[in-house]
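**Student:** These are the residues of each chain, in order.
There are 2 protein chains.
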Amino acid sequence: MAGVLALSGGVGGAKLALGLDRILPAGALTVLCNTGDDFEHLGLSISPDIDTVLYTLAGIANPQTGWGRANETWTFMAALADLGGDTWFRLGDADLAVHIERTRRLAAGDALSVITEHLRSHLGIRSTVLPMSDQPVRTQVETSEGMLPFQQYFVKRQCEPAVRGFRFDGASEATPPPGLSQWLADTPLEAIIVCPSNPFISIDPILAVPGLRRMILDHSAPVIAVSPVIQGRAVKGPTAKMMSELGLAVTSTTVAAHYGELIDALVVDHSDDIEPIRNGPTVLRAATLMHSQKDKCDLAQTILTYARNLRTR
Amino acid sequence: MAGVLALSGGVGGAKLALGLDRILPAGALTVLCNTGDDFEHLGLSISPDIDTVLYTLAGIANPQTGWGRANETWTFMAALADLGGDTWFRLGDADLAVHIERTRRLAAGDALSVITEHLRSHLGIRSTVLPMSDQPVRTQVETSEGMLPFQQYFVKRQCEPAVRGFRFDGASEATPPPGLSQWLADTPLEAIIVCPSNPFISIDPILAVPGLRRMILDHSAPVIAVSPVIQGRAVKGPTAKMMSELGLAVTSTTVAAHYGELIDALVVDHSDDIEPIRNGPTVLRAATLMHSQKDKCDLAQTILTYARNLRTR
Numbered sequence: 000m001a002g003v004l005a006l007s008g009g010v011g012g013a014k015l016a017l018g019l020d021r022i023l024p025a026g027a028l029t030v031l032c033n034t035g036d037d038f039e040h041l042g043l044s045i046s047p048d049i050d051t052v053l054y055t056l057a058g059i060a061n062p063q064t065g066w067g068r069a070n071e072t073w074t075f076m077a078a079l080a081d082l083g084g085d086t087w088f089r090l091g092d093a094d095l096a097v098h099i100e101r102t103r104r105l106a107a108g109d110a111l112s113v114i115t116e117h118l119r120s121h122l123g124i125r126s127t128v129l130p131m132s133d134q135p136v137r138t139q140v141e142t143s144e145g146m147l148p149f150q151q152y153f154v155k156r157q158c159e160p161a162v163r164g165f166r167f168d169g170a171s172e173a174t175p176p177p178g179l180s181q182w183l184a185d186t187p188l189e190a191i192i193v194c195p196s197n198p199f200i201s202i203d204p205i206l207a208v209p210g211l212r213r214m215i216l217d218h219s220a221p222v223i224a225v226s227p228v229i230q231g232r233a234v235k236g237p238t239a240k241m242m243s244e245l246g247l248a249v250t251s252t253t254v255a256a257h258y259g260e261l262i263d264a265l266v267v268d269h270s271d272d273i274e275p276i277r278n279g280p281t282v283l284r285a286a287t288l289m290h291s292q293k294d295k296c297d298l299a300q301t302i303l304t305y306a307r308n309l310r311t312r
Numbered sequence: 000m001a002g003v004l005a006l007s008g009g010v011g012g013a014k015l016a017l018g019l020d021r022i023l024p025a026g027a028l029t030v031l032c033n034t035g036d037d038f039e040h041l042g043l044s045i046s047p048d049i050d051t052v053l054y055t056l057a058g059i060a061n062p063q064t065g066w067g068r069a070n071e072t073w074t075f076m077a078a079l080a081d082l083g084g085d086t087w088f089r090l091g092d093a094d095l096a097v098h099i100e101r102t103r104r105l106a107a108g109d110a111l112s113v114i115t116e117h118l119r120s121h122l123g124i125r126s127t128v129l130p131m132s133d134q135p136v137r138t139q140v141e142t143s144e145g146m147l148p149f150q151q152y153f154v155k156r157q158c159e160p161a162v163r164g165f166r167f168d169g170a171s172e173a174t175p176p177p178g179l180s181q182w183l184a185d186t187p188l189e190a191i192i193v194c195p196s197n198p199f200i201s202i203d204p205i206l207a208v209p210g211l212r213r214m215i216l217d218h219s220a221p222v223i224a225v226s227p228v229i230q231g232r233a234v235k236g237p238t239a240k241m242m243s244e245l246g247l248a249v250t251s252t253t254v255a256a257h258y259g260e261l262i263d264a265l266v267v268d269h270s271d272d273i274e275p276i277r278n279g280p281t282v283l284r285a286a287t288l289m290h291s292q293k294d295k296c297d298l299a300q301t302i303l304t305y306a307r308n309l310r311t312r
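Protein sequence lines, in the order shown, are assigned to chains V and S.
One point on numbering: in numbering that gives the first Met the number 0, the residue at position 294 of the first sequence is 293, and numbering is uninterrupted.
One point on numbering: in numbering that gives the first Met the number 0, the residue at position 248 of the second sequence is 247, and numbering is uninterrupted.
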C-alpha cells in the first residue's frame, strides 16, 4: 500500500490531515507533528499540536476554538481559578485526561511516540500520528521584549510582541521518531505533504530535527507544500504578522522561498496572486480554504492528483 | 483566644469539625488531619482526608458520597476511561484542581502544610487545617490477601479482604507539622477532641507520628474522643468490620480501651449500650449521629460544655 507523509502543526495542518485521513486507505497516512509547542504547565506535559491532530482525526475537535475538544466542560478551570491557580492556558476537563495520561507515562519512562500511538489507538484513529521526535524540543521566540518560551508568546501574550527570530532548544540533540526511517524505506510514498501550517513555528521545528530534512530531500516522492497565505493574509494565526515583523513580504512567494529546495511544488489558493518564481517550485492551484469536511477531502484529493502527475513527469 | 484541637480522618471526623468550626470564633479551631490515606495516583498527589475536611469546612463537600465536591462534573473521568486509563479511584473535574495544584507545588518543593494553608485560605475556611505531618506516611493494610496499600484496600477492594493489622510506613521518620507545637504552647486549649473517625486507620496514623501522642498526653486540656460505634455498628465505613476481623468486640468499650490513657472522656451516643469501664475514661452521653448541620453544631457544643466541666473538676 502506498503511503503519504504529512508534516503538520496545529489547526490548519490538522484540517488537511483530516482530508487525507478520510480519503486514503486506513494506515496509509502518517502525520508527523510539530512538538516545538510542547510545554510543561501546572506540572503537566502538554503537546498542543499532537493533540489538535489527534482530536481532529478522531472527529472530536472543537470546531469553534480550533483547539481542544468538542462538548468540553470547564469545571476544572473554574475550580483552579478559585484556588488562585494559573488560568492563562485553558485546559478543558476532557482534554485533561490526555495531559494526565501523557504526563504519567512520560514520568514512567515511556516515549512520547509510544504514548501518542496509545492515544491514537484508543481514539479510534486510522492514520499513524508521530511526534517529530521523542526528545523534547522547545521553540523559543526572540521578540522585541526578549526571548519568550513559545506558549508564553503565543497564548499568554497573544503573539503581541514583535518577532525577531526563533530558536528550537533541544533540536540539535533530537532524533526522528523510531520507525519513521524504516517506514519511509519500506513504503512507496505517493507524496510528502507540508500542510498549510505556519512555516516558522510549525514546520521549521520539524525540519530542525537532525536527519528529518535530509530524509525528505532524499526521498523520491514529490514534496508538496500548501501555502498558508492567501492574497497577503494568513488563513489563521500569526503567520502574516510574523512575516511582516521579519521584514518579509506576506506572500506565497515568500513561503516558496522559505522552503526552497525542500519542496517540488507549492499549492496556492485559486485567488492568490503569487508572482512567478524563477527556479522555484512548481506552483499549483487549488481551493485551499477549508471550511467543510468536503473542502478538506477535496483539497487532499487535488494534492494527491497533482502528486501523481509530478511523479510521472 | 482559647483554642480547640481536633484530630480527624475523613467523613465522620469532618462532620464534627464542621460543627466546631461553625460554633467557635474564627481561627480558634485547628483540625489535625490523617495523611496515612494519601497516595500517588495517575501521577497526582492525593490527600483524601485533608480534602474531605477542606471541602466540608468550605461548605462544598458532596453530601451524597461523603467524599469529593458538590456540583461536580465527571468529564475527565469519562475521557480517561475512553483512553483506557485507571478509573477505580473517582476524580471529579473540580476535585482535580486541588490535586493538580498540590502535585505541582509538592514537586516544586513546597511543604504539604504550606499547600494546605493556601487551599484553606482560597476556600475561605476560618479554621486552621493541618496535615499530621509534612513527611509522607502511607498506611499499609495487612490482610488475608497480604499487605495492601491503603487505597487499594479501601477503594479498589472496597475493604473486602479481612484485616489482620496495619503499618504506617514512613511514620517513624515523620515529624509533626511546623507550628503545631508552638500553637499548643501558646494557646490555652478548651479541649483536644478525637473526632468519631476510624481509630485504626484515621486516628492511629496521626498518633504514630513521633511526638504527637506525647504532645497530647502532656497537654493540660481535657482529651475527649467521640466513639464511631453505636450499638455494635459503625456509623459509616469499615470500622465495625475491622473490629470483628481483629477479634475485638464491636463496642464503644473497645474504642475506649483502644485509646487507653490518651483520652480523659469518651462521648457515646445516647442509645449506645457501653459497659462501665473500670479505670477507663469518663463516659459522656450525646447525640452522636450527625445528619443536619444543627446536629453537628449541637454535638460540638455538647462536647465543649463537657470539656469545661472536665477541666474545672
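Since the hints were derived computationally from the structure, they do not count as laboratory data.
Fair warning: there could be bad hints in the mix.
Identical chains blur together in the list; that is why a pair holds if it fits in one copy or across any two.
Okay, derived cross-link-like pairs now, SDA-like style, lysine to any residue, Cα gap no bigger than 25 angstroms in a straight line [said to hold, decoys possible]: (1) K155 x H98; (2) K293 x L216; (3) K155 x R284; (4) K235 x L247; (5) K155 x I276; (6) K293 x E144.
**Student:** Does each hint fit the structure? Answer for all of them.
**Tutor:** Verification of the hints:
no., hint, in the structure
1, K155 x H98, "both (19 angstroms within a copy, 24 angstroms between copies)"
2, K293 x L216, "neither (31 angstroms within a copy, 76 angstroms between copies)"
3, K155 x R284, "neither (36 angstroms within a copy, 59 angstroms between copies)"
4, K235 x L247, "within (18 angstroms within a copy, 71 angstroms between copies)"
5, K155 x I276, "neither (38 angstroms within a copy, 66 angstroms between copies)"
6, K293 x E144, "neither (42 angstroms within a copy, 58 angstroms between copies)"
Checked against the numbered hints above, the structure violates hints 2, 3, 5 and 6; every other hint is satisfied.
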